[in-house]
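A.B. asks: Please build the complex by placing chain B on the supplied structure of chain A, with the hints as guidance.
Chains as they are written, first to last, in this note's numbering: chain A, 1 to 588; chain B, 1001 to 1588.
No wet-lab data here; the hints were simulated from the structure. Don't take every hint at face value.
Cross-link-like lysine-lysine pairs, in silico, DSS-like; alpha carbons within 25 Å at most [as the list claims (entries may be wrong)]:
(1) B:Lys1152 x A:Lys210
(2) A:Lys216 x B:Lys1145
(3) B:Lys1378 x B:Lys1360
(4) A:Lys373 x A:Lys302
This structure is a prediction, so every number in the text was calculated from the model and none was measured.
What follows is each chain in one-letter form.
There are 2 protein chains.
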Amino acid sequence: MYRTHNCGQLRMSDVGANVTLSGWVQKARDLGGMTFLDLRDRYGITQVVFNMDDNAALCEEARKLGREFVIQVEGKVRERSSKNLNRATGEIEIEATVLKVLNAAKTPPFTIEETTDGGDDLRMKYRYLDLRRPLQQSNIIFRSKLAIETRKYMDSQGFIEIETPFLIKSTPEGARDFVVPSRLNPGEFYALPQSPQTFKQILMVSGMDKYFQIVKCFRDEDLRADRQPEFTQIDCEMSFIHIEDILNTFEGLAKHLFKQMIGVELHEFPRMTYDEAMTRYGSDKPDLRFGMEFVELNDLAKDKGFSVFDSAELVVGICAKGIAETYSNKDMKDLTEWMQRPQIGAKGLVYVKYQQDGIKSTVGKFFSDDDLKAWGEKFGAEEGDVLFILSGEAEKTRKQLNELRLEMGKRLGLMKAGDFKPLWVIDFPLLEWDDETNRFYAMHHPFTSPKIADIPRMLNGDHETMKSLRADAYDLVINGAEIGGGSIRIHDRELQSKNFDLLGFTKEEAEDQFGFLLGAFEYGAPPHGGIAFGFDRLCAVMNGQSSIRDFIAFPKNNMGRDMMIDAPSHIAKAQLKELNLDVTVKPE
Amino acid sequence: MYRTHNCGQLRMSDVGANVTLSGWVQKARDLGGMTFLDLRDRYGITQVVFNMDDNAALCEEARKLGREFVIQVEGKVRERSSKNLNRATGEIEIEATVLKVLNAAKTPPFTIEETTDGGDDLRMKYRYLDLRRPLQQSNIIFRSKLAIETRKYMDSQGFIEIETPFLIKSTPEGARDFVVPSRLNPGEFYALPQSPQTFKQILMVSGMDKYFQIVKCFRDEDLRADRQPEFTQIDCEMSFIHIEDILNTFEGLAKHLFKQMIGVELHEFPRMTYDEAMTRYGSDKPDLRFGMEFVELNDLAKDKGFSVFDSAELVVGICAKGIAETYSNKDMKDLTEWMQRPQIGAKGLVYVKYQQDGIKSTVGKFFSDDDLKAWGEKFGAEEGDVLFILSGEAEKTRKQLNELRLEMGKRLGLMKAGDFKPLWVIDFPLLEWDDETNRFYAMHHPFTSPKIADIPRMLNGDHETMKSLRADAYDLVINGAEIGGGSIRIHDRELQSKNFDLLGFTKEEAEDQFGFLLGAFEYGAPPHGGIAFGFDRLCAVMNGQSSIRDFIAFPKNNMGRDMMIDAPSHIAKAQLKELNLDVTVKPE
Chain A
1 MYRTHNCGQL
11 RMSDVGANVT
21 LSGWVQKARD
31 LGGMTFLDLR
41 DRYGITQVVF
51 NMDDNAALCE
61 EARKLGREFV
71 IQVEGKVRER
81 SSKNLNRATG
91 EIEIEATVLK
101 VLNAAKTPPF
111 TIEETTDGGD
121 DLRMKYRYLD
131 LRRPLQQSNI
141 IFRSKLAIET
151 RKYMDSQGFI
161 EIETPFLIKS
171 TPEGARDFVV
181 PSRLNPGEFY
191 ALPQSPQTFK
201 QILMVSGMDK
211 YFQIVKCFRD
221 EDLRADRQPE
231 FTQIDCEMSF
241 IHIEDILNTF
251 EGLAKHLFKQ
261 MIGVELHEFP
271 RMTYDEAMTR
281 YGSDKPDLRF
291 GMEFVELNDL
301 AKDKGFSVFD
311 SAELVVGICA
321 KGIAETYSNK
331 DMKDLTEWMQ
341 RPQIGAKGLV
351 YVKYQQDGIK
361 STVGKFFSDD
371 DLKAWGEKFG
381 AEEGDVLFIL
391 SGEAEKTRKQ
401 LNELRLEMGK
411 RLGLMKAGDF
421 KPLWVIDFPL
431 LEWDDETNRF
441 YAMHHPFTSP
451 KIADIPRMLN
461 GDHETMKSLR
471 ADAYDLVING
481 AEIGGGSIRI
491 HDRELQSKNF
501 DLLGFTKEEA
511 EDQFGFLLGA
521 FEYGAPPHGG
531 IAFGFDRLCA
541 VMNGQSSIRD
551 FIAFPKNNMG
561 RDMMIDAPSH
571 IAKAQLKELN
581 LDVTVKPE
Chain B
1001 MYRTHNCGQL
1011 RMSDVGANVT
1021 LSGWVQKARD
1031 LGGMTFLDLR
1041 DRYGITQVVF
1051 NMDDNAALCE
1061 EARKLGREFV
1071 IQVEGKVRER
1081 SSKNLNRATG
1091 EIEIEATVLK
1101 VLNAAKTPPF
1111 TIEETTDGGD
1121 DLRMKYRYLD
1131 LRRPLQQSNI
1141 IFRSKLAIET
1151 RKYMDSQGFI
1161 EIETPFLIKS
1171 TPEGARDFVV
1181 PSRLNPGEFY
1191 ALPQSPQTFK
1201 QILMVSGMDK
1211 YFQIVKCFRD
1221 EDLRADRQPE
1231 FTQIDCEMSF
1241 IHIEDILNTF
1251 EGLAKHLFKQ
1261 MIGVELHEFP
1271 RMTYDEAMTR
1281 YGSDKPDLRF
1291 GMEFVELNDL
1301 AKDKGFSVFD
1311 SAELVVGICA
1321 KGIAETYSNK
1331 DMKDLTEWMQ
1341 RPQIGAKGLV
1351 YVKYQQDGIK
1361 STVGKFFSDD
1371 DLKAWGEKFG
1381 AEEGDVLFIL
1391 SGEAEKTRKQ
1401 LNELRLEMGK
1411 RLGLMKAGDF
1421 KPLWVIDFPL
1431 LEWDDETNRF
1441 YAMHHPFTSP
1451 KIADIPRMLN
1461 GDHETMKSLR
1471 ADAYDLVING
1481 AEIGGGSIRI
1491 HDRELQSKNF
1501 DLLGFTKEEA
1511 EDQFGFLLGA
1521 FEYGAPPHGG
1531 IAFGFDRLCA
1541 VMNGQSSIRD
1551 FIAFPKNNMG
1561 RDMMIDAPSH
1571 IAKAQLKELN
1581 LDVTVKPE
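In isolation and in its complexed conformation, chain A is listed as follows:
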């Protein structure tokens, strides 16, 4: 037997017991006649003592141990003379009588402690060492518990977890698929699912009524900092429901998870239409931990002779409280330059400072103090506040101002850790027009139902009408992060065909790619809808983190590469031949 107890288990009540522990050497200290070892496993750390006077040979053995050696120790539990009350086992120690080295260890390339000196690349290459750090372990354990609580709640609500297939069919709609060549069907390919979307709808047609799954999904995207080619979602679908049923059920799930996992009671889940969110915050995922809402100034700022404003579709700003005296001209210049970076692309940044000694503004020569006072009143600005104002094409300007709002929220410490502000954003547009490709795209996905009131306009309207259609689609946003989204689905073959039509599918393409679903709609499809939560994102948001990577046991880097196993990699010629494939690039 390798151990009678783990390294986090022994207490004062065990004093006198003979025990065996196994674990990793966290550190060793030689103090003259004594050697102290901190022995670590995932449960904790226990101090082990070797005494030169009692057993010189054993003590000498202990002195040879390096960091991260795996050892087994037998000994007696005794009370420590100097206790460490920050550690659960800190009142006791083991007086070692037997020491066995189970495995030696080379010196690790970075320190394995709460904070580490390892850079990202090194930590990803030696992920097995990084995962020994208590912080990383607690992230992975958090994730595991979050899955347990999710399943507990979904089960309590009558949902059945059903596994949908991973080897499915490639469809060009949406993001890029990862594909899998089929050896048994030469020249043909499976695709890995971007989501179980069509299968969960099929499960509704089959009468499963309430489905969920915690499931891996795959997207072959050009990876951004915080995207992973494989990611996990809590995927759900319900039959015979309206939008209220879904929002209530998943509001319940979010409340349950926040309560059980981090002891936070979420109260209010306000609802806001997409249009309202864009107007008030310039974002479909506003962070409601702070206000700083958009105020539109077209009425007060246009037609006063300032050509920049006069030619703008929209003049809009935010009010930052209490920084008029502290933000210097240099600060303002830096902020303007920050807004002018290509990532944001603002042409400039107008400000109005309401200082003790008067109003200062970059547009002071175009507007009178009375004008600027009237602006301030519209914003509810007080002495000490600063207005930041942007102008230009409405949609673009709102997006730029959203960036500024978030930046100012951050700078002014308004995004408080431990403060969680959920929000349902509803009534998304059904379709987005893309000028470049000259076609509509589904804002959510091609199976999303228009709002019932909009169906007649969808079936009979002209091209312009289509741009104004609203969908029964919704996103759950917490602290500015999109936790998940979903929609009521189309369950009628004609309406689904019309939607494919608007999205530029020919009849043949629609039949070829989604014929099974269109067919299923003819054999008694119930009204249904669903939602999916991003599981990785939820882990990060609940822990106040912005990166999902630390909550994934084996994440990939920005090139989609697993640095530890060094994948992807070249495969054997014989494998390619069996798959009837040629690679058209030369190996490096």
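C.D. replies: Then chain B, alone, in the frame of chain A:
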């Protein structure tokens, strides 16, 4: 609101209530002035009544409904005059006042009832209709509950569920990988995991201590009747353990699942070495629901002048009870021919019948009645029994006799439904020699540890010695089905290198494919081991079924094809180009 109750919910206590139900029309009966509908959802069936006298228009509407129409009905619950006590809702019915067709349905291509007239192909193409059948729904719900109970038990034992990646690295060892071309890394491929083997070992090196996962795995095999290219396993790994710890933990899991899911108390999990299982049953997964053990006859049957036996390495048989009088010569001939089919390949089948009127045998002219009586005594045969005897090369003969034993067990009704006989088969060979490719293969996998006592022989032995090495590998067998298997792993770099060496890996190949694991072993790898249960198989065995397909929501056929979505399929040229691939076969 689509419903106030589901179709399995209403009882006598609800009589008088106004309710709304939604569901599918199971069937409709017109009885003169009345129309009765059976309304179905996954929860049950409720009878709905339309009365021509009360509301002729509504009744006419109801008469237009076809099978599988999706409807919503409002009405009052009333007591039925003729009750159906076989149905949970059979004491009440709904007196309909409002009827709304939510979706029409074409006539389904097969009947949607407990038994169906649909063939396999049709049912797979219309899987959404097949899944409406209560039997299929209960299979899927069983699976879902089995996952819940598995997670409950594993969590109670301190295991953490950790998601391992799906996009990993291809390794030529073992079965064929499915591969996934990487667009971002031109000419390179990921592979889908055949199991999370190396990752779970890495998790042990990272100190996660107890890992489990219910996880999809992938194998690109030539599919046999009951194999699927994607399948699910309960995958586990533990650190600081010996073989006993693993067997006890997973015996506990099996007991928990059988108790909770089907109310069966499993008592004894006997253990048998691989050698013993092969000797006594000719199989490493013997069905212990019945005896009919092998008895070897070399001592009694050889050197008596019957050249077939004399030249054989092994003469071995089984005793079938009580069929001497009922099995005719024709039956014996048929059985012999069954044994001679190429799938089994026996040269012939010797029998000895102990009949009331004497002993009858195909080898009567070579052996005296006393000889044959002595055989019978060795078998414990009584009057009425029949011995079946095979001879030849030992290993081959045992395998043939195993087939006969199973066939006779089936014919004689000895494989009783509801009878569950678990068995641990242990001490498997470490390596298998393959004459054709002239190399060793790992019997379990390349990470399996030899038994500690065999390590010196492994490190220093000659080629022949390697064939006799035993591994700390084990399988759980229930009723002749392999539920799962596992092993204690190698955790020492040198031993792992030696094993790769024996398996024919060059140093470079080992480093290229498993360098990360070999590296991990140098930084403090704990002793560890694990097991995986086949989840699909477990579902089938617990339900006394032989096919796993009915326990998979969307199974593939024997060509790895999803008949419903028609995958795999051809993909667009643009996709191939982005992936730097050419297909070397012409599309049909």
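A.B. asks: So, for every hint listed, does it hold in this structure?
C.D. replies: Outcome of the hint check:
1. Between Lys1152 (chain B) and Lys210 (chain A) the alpha-carbon distance is near 21 Å, which keeps this suggested pair within the 25 Å criterion.
2. Pair hint Lys216 (chain A) plus Lys1145 (chain B) holds up; C-alpha atoms about 20 Å apart against a cutoff of 25 Å.
3. Of the pairs offered as hints, the one joining Lys1378 (chain B) and Lys1360 (chain B) holds, with about 17 Å between alpha carbons and a cut-off of 25 Å not exceeded.
4. Pair hint Lys373 (chain A) plus Lys302 (chain A) holds up; C-alpha atoms about 15 Å apart against a cutoff of 25 Å.
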